[in-house]
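Participant: Sequence:
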Amino acid sequence: MLSREIWENFKNCGIWRGNIDDLAVSYNSLLGKVLDDHAPELTKTILIKPVIPWFTDELKELKRSKRMAEKRMTALKTPESAADYKTARDVYNAALTSTKDAYNNNLVAEAGNDPKKLSKVVNSLMNRDLSNPLPEHESDMGLADIFVEHFNDKVECIVAEFEHQRLALDLGSIDEPINLCLSKPHLDKFVEVCDDDIRKIISKCKVKSCDLDPMPTFLLKQCTDSVIHFITKITNQSLRSGIFATVWKSAIVTPLHKKPSLDHIPQNYRPVSNLCFISKVVEKIVITQLMHHVNTHYPLPSYQSAYRPNHSTETLLTRLHSDVLMGMDQQHVAMLVMIDLVLHSILCLMIIFSNACGEISVLQTRRYAGLNHI
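Position 185 (the sequence shown) corresponds to 246 in my numbering; numbering is contiguous.
Since the hints were derived computationally from the structure, they do not count as laboratory data.
Just to be clear, a hint being listed does not mean it is correct.
Simulated crosslink set (BS3-like; lysine-lysine; CA at most 25 Å straight-line) [what the hints assert, rightly or not]:
| id | residue 1 | residue 2 |
| --- | --- | --- |
| 1 | LYS269 | LYS310 |
| 2 | LYS161 | LYS178 |
| 3 | LYS121 | LYS132 |
| 4 | LYS121 | LYS178 |
| 5 | LYS341 | LYS269 |
| 6 | LYS105 | LYS269 |
| 7 | LYS319 | LYS94 |
| 8 | LYS294 | LYS269 |
| 9 | LYS147 | LYS127 |
| 10 | LYS294 | LYS341 |
| 11 | LYS294 | LYS265 |
| 12 | LYS105 | LYS94 |
| 13 | LYS110 | LYS181 |
| 14 | LYS132 | LYS215 |
| 15 | LYS319 | LYS265 |
| 16 | LYS341 | LYS177 |
| 17 | LYS132 | LYS147 |
| 18 | LYS282 | LYS267 |
| 19 | LYS261 | LYS310 |
| 20 | LYS341 | LYS261 |
| 21 | LYS345 | LYS177 |
| 22 | LYS177 | LYS127 |
| 23 | LYS121 | LYS147 |
| 24 | LYS269 | LYS250 |
| 25 | LYS261 | LYS282 |
| 26 | LYS177 | LYS121 |
| 27 | LYS269 | LYS319 |
Model the full structure from these sequences, guided by the hints.
Facilitator: Listed below in structure tokens is the structure:
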């Protein structure tokens with residue numbers, strides 16, 4: 062029923078020929094309206110009880126038997142009733158220990174060689190507090206303003222330090238791409254996608270939602286057939302125009318504490334952005350086509366491991382560690398410089414000079430990269 066209503070709402074909407082910003086807003090409005098009609102927001106107070114996943118029905122039955130034996134021992138006070146209670150207690154404790162150990166061993170086995178999953182398992186077994194404490198504050202709005210000011214100032218300070226090394230080039234004065242690689246083909250436009258392409262990407266995406274999503278991701282996946290055609294239209298309109306919708310550039314930014322041992326001050330927090338689901342779908346389409354073009358005509362460095370399939374950051378760290386040790390063995394000075402910074406203006410200049418994207422580099426990069434982000 063929900064899928065049918067979503068289909069009817071999108072089919073009867075007559076604004077699917079507008080610009081990408083209008084399409085994105087209409088998509089959010091229509092899905093949000095359908096969800097509000099079927100599941101209006103309600104406030105309900107519930108009592109959350111701790112859940113013990115390894116406490117099976119068999120353990121519950123053994124615990125019940127132990128309690129009954131304990132009551133009989135208390136009432137009868139005979140050696141037989143005491144012996145029965147001790148037997149029931151020992152059986153329950155043995156079953157409790159073995160079941161818990163088997164469950165924990167299974168968790169470790171399922172984590173396998175995944176460091177992230179294994180870390181979560183270890184933290185859970187050791188009862189580590191993984192909460193994200195915030196600095197002392199008088200109001201939530203005031204704390205949010207403090208973090209916004211801190212994160213903005215941090216970027217501005219880094220930019221100021223590298224100001225003397227930046228290219229003195231006005232991006233807005235460039236009307237045509239600079240042809241530095243005439244012998245190599247350009248990515249002059251993105252290729253439009255079909256419903257099957259979008260369906261494959263949605264099916265591979267994790268079931269993660271953002272407060273900016275008009276509908277939870279798990280529910281959207283269940284109604285994929287009803288919205289797939291319209292998501293394809295929005296995606297193709299974005300690819301044709303080279304514009305990333307304004308609403309997709311909004312994010313829920315959460316400050317995460319870097320280390321438990323650090324003080325609770327803004328300098329010891331890092332920002333983590335949560336974007337809406339459809340923006341990730343469009344982003345995956347763009348990066349897939351761009352990486353295909355780059356790998357075909359402009360091969361990436363063999364040692365670049367980040368953001369590439371079938372490349373391991375662990376392997377990169379192993380190689381880096383080996384290079385440092387080799388340099389030290391040869392009495393060389395080993396120096397490691399690490400920069401975690403992406404400036405859209407510098408990124409656009411790099412794309413223009415490499416000319417890997419042809420017309421897209423000048424006509425669309427500034428809008429698509431988010432130089433006009435909110």
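Participant: Please go over all the hints and tell whether each is borne out by the structure.
Facilitator: A quick look at each hint next to the structure:
no. : hint            : result
1   : LYS269 / LYS310 : 17 Å, holds
2   : LYS161 / LYS178 : 19 Å, holds
3   : LYS121 / LYS132 : 17 Å, holds
4   : LYS121 / LYS178 : 29 Å, violated
5   : LYS341 / LYS269 : 11 Å, holds
6   : LYS105 / LYS269 : 23 Å, holds
7   : LYS319 / LYS94  : 39 Å, violated
8   : LYS294 / LYS269 : 23 Å, holds
9   : LYS147 / LYS127 : 9 Å, holds
10  : LYS294 / LYS341 : 15 Å, holds
11  : LYS294 / LYS265 : 20 Å, holds
12  : LYS105 / LYS94  : 22 Å, holds
13  : LYS110 / LYS181 : 21 Å, holds
14  : LYS132 / LYS215 : 66 Å, violated
15  : LYS319 / LYS265 : 30 Å, violated
16  : LYS341 / LYS177 : 22 Å, holds
17  : LYS132 / LYS147 : 12 Å, holds
18  : LYS282 / LYS267 : 10 Å, holds
19  : LYS261 / LYS310 : 23 Å, holds
20  : LYS341 / LYS261 : 13 Å, holds
21  : LYS345 / LYS177 : 23 Å, holds
22  : LYS177 / LYS127 : 40 Å, violated
23  : LYS121 / LYS147 : 17 Å, holds
24  : LYS269 / LYS250 : 30 Å, violated
25  : LYS261 / LYS282 : 11 Å, holds
26  : LYS177 / LYS121 : 33 Å, violated
27  : LYS269 / LYS319 : 23 Å, holds
The earlier numbered hints that this structure contradicts are 4, 7, 14, 15, 22, 24 and 26.
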